[in-house]
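Sequences are here, hints too, so could you generate the full structure?
There are 2 protein chains.
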Amino acid sequence: MSEPDERRVVYDGKLIDVVVERWGDNEREIVEHPGAVAIVPVDREENVVLVRQMREPARKELVELPAGTIDEGEEPLATAKRELEEETGLRSGEWNEVAAFWTTPGFCNERMTLFVAEGVETGGEQNLDEGEGVELVRWPVGEIASRLGEIEDAKTLAGLLLYLRLRT
Amino acid sequence: MSEPDERRVVYDGKLIDVVVERWGDNEREIVEHPGAVAIVPVDREENVVLVRQMREPARKELVELPAGTIDEGEEPLATAKRELEEETGLRSGEWNEVAAFWTTPGFCNERMTLFVAEGVETGGEQNLDEGEGVELVRWPVGEIASRLGEIEDAKTLAGLLLYLRLRT
Numbered sequence: 000m001s002e003p004d005e006r007r008v009v010y011d012g013k014l015i016d017v018v019v020e021r022w023g024d025n026e027r028e029i030v031e032h033p034g035a036v037a038i039v040p041v042d043r044e045e046n047v048v049l050v051r052q053m054r055e056p057a058r059k060e061l062v063e064l065p066a067g068t069i070d071e072g073e074e075p076l077a078t079a080k081r082e083l084e085e086e087t088g089l090r091s092g093e094w095n096e097v098a099a100f101w102t103t104p105g106f107c108n109e110r111m112t113l114f115v116a117e118g119v120e121t122g123g124e125q126n127l128d129e130g131e132g133v134e135l136v137r138w139p140v141g142e143i144a145s146r147l148g149e150i151e152d153a154k155t156l157a158g159l160l161l162y163l164r165l166r167t
Numbered sequence: 000m001s002e003p004d005e006r007r008v009v010y011d012g013k014l015i016d017v018v019v020e021r022w023g024d025n026e027r028e029i030v031e032h033p034g035a036v037a038i039v040p041v042d043r044e045e046n047v048v049l050v051r052q053m054r055e056p057a058r059k060e061l062v063e064l065p066a067g068t069i070d071e072g073e074e075p076l077a078t079a080k081r082e083l084e085e086e087t088g089l090r091s092g093e094w095n096e097v098a099a100f101w102t103t104p105g106f107c108n109e110r111m112t113l114f115v116a117e118g119v120e121t122g123g124e125q126n127l128d129e130g131e132g133v134e135l136v137r138w139p140v141g142e143i144a145s146r147l148g149e150i151e152d153a154k155t156l157a158g159l160l161l162y163l164r165l166r167t
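Protein chains in written order, with numbering that gives the first Met the number 0: chain W, 0 to 167; chain P, 0 to 167.
Treat the hints with care, since some could be wrong.
Unchecked claim - Away from chain W, derived, C-beta distances all over 12 Å, residues of chain P: (1) Glu85; (2) Asn108; (3) Trp138.
Claimed, not checked - Partial chain P-side listing against chain W, Cβ under 7 Å, derived: (4) Glu28; (5) Val30; (6) Phe100; (7) Thr102; (8) Glu151; (9) Asp152.
These are calculated hints, taken from the structure and not from any lab test. Think of the CB as a built atom: it goes at the ideal place given N, C-alpha and C, for glycine as much as any other residue.
Given below as structure tokens:
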């Protein structure tokens, strides 16, 4: 059984929709999201580059991996390169997909692909969405392990931990 | 600025609501969620205990850390002990909070607290919600590192990676 018996849209939004699906005797409330990417960008000076921005749902600024939403029909790697350049001005480097996962599979279908981009360079054109005030934060790779306690975002925690494992 | 100028509920659901907030010139669509917990449970035989279950939003079964939603007014540790026993029948052990994070801070206010529970024992009463078919999966702790590629859930990836770091 991998499709619902019934399905109705209960909220048709801008970024997300909400559907209620019936699977046998159970109803499931599901947030529909187009999917996303996140990037662990490491520059030529061996800094990981993070972004600090206001996150209204959290009511505070968070430090996170650069990330973004997949446009319709776009390949995750293309989204990742586009978003990294738009948010940070960084580009080039050597790119590898290191994981893909659901962010909150209990109630949302967002699937995220995670990339590591090593040796990225400035020179791209930073181009932020309206209202997207982003401050770049650089951490020397050697400091990541001792600063994980500052991270309050799931994808960033997973991405940095995975990067530390891959390096060793 | 840590509160919106305007706020309206656009979907009032069972587990989640959706609100649209105006922050200055920007509108934000936000999924409201009561918050959650996840547990890395390790039994006395040095196995981590995971759950395999159908996740309708992903259209497939996923292997995940035991987890659940916080009831109104409940402390995260109490939720975690209750959910672990309900999903797996495991209880007691030594509990430590190891992280707290937003799961998808771009569009949802779900905050998750992550616990490690070492030395848990069978003897509790498994008590699954309606339609919650859960299969227990035990991995020897020594196999976690080589099996991370089987994980397709963000909290589980973060939790297992964090547990591996804390052990060493």
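Checked hints:
No beta-carbon of chain W comes within 12 Å of the beta-carbon of P:Glu85; the shortest separation is about 15 Å. Not every CB of chain W lies more than 12 Å from the CB of P:Asn108, the least distance being 4 Å, so the non-interface label is violated. Chain W leaves P:Trp138 outside its interface by the beta-carbon criterion, the shortest separation being 17 Å against a cut-off of 12 Å. With its C-beta approaching chain W no nearer than about 5 Å, P:Glu28 sits inside the 7 Å limit, and its interface hint holds.
For P:Val30, the suggested interface contact is upheld, since its CB lies about 6 Å from the closest CB of chain W, less than 7 Å. At its closest, the beta carbon of P:Phe100 sits 5 Å from a beta carbon of chain W; the interface hint therefore holds under the 7 Å criterion. The beta carbon of P:Thr102 comes within 5 Å of a beta carbon in chain W, closer than 7 Å, and the hint placing it at the interface holds. At its closest, the beta carbon of P:Glu151 sits 5 Å from a beta carbon of chain W; the interface hint therefore holds under the 7 Å criterion.
Checking P:Asp152 against chain W by beta carbon gives a least distance of about 6 Å; that is within 7 Å, so the hint holds.
Going through the hint list in order, the structure does not satisfy hint 2, though it satisfies all others.
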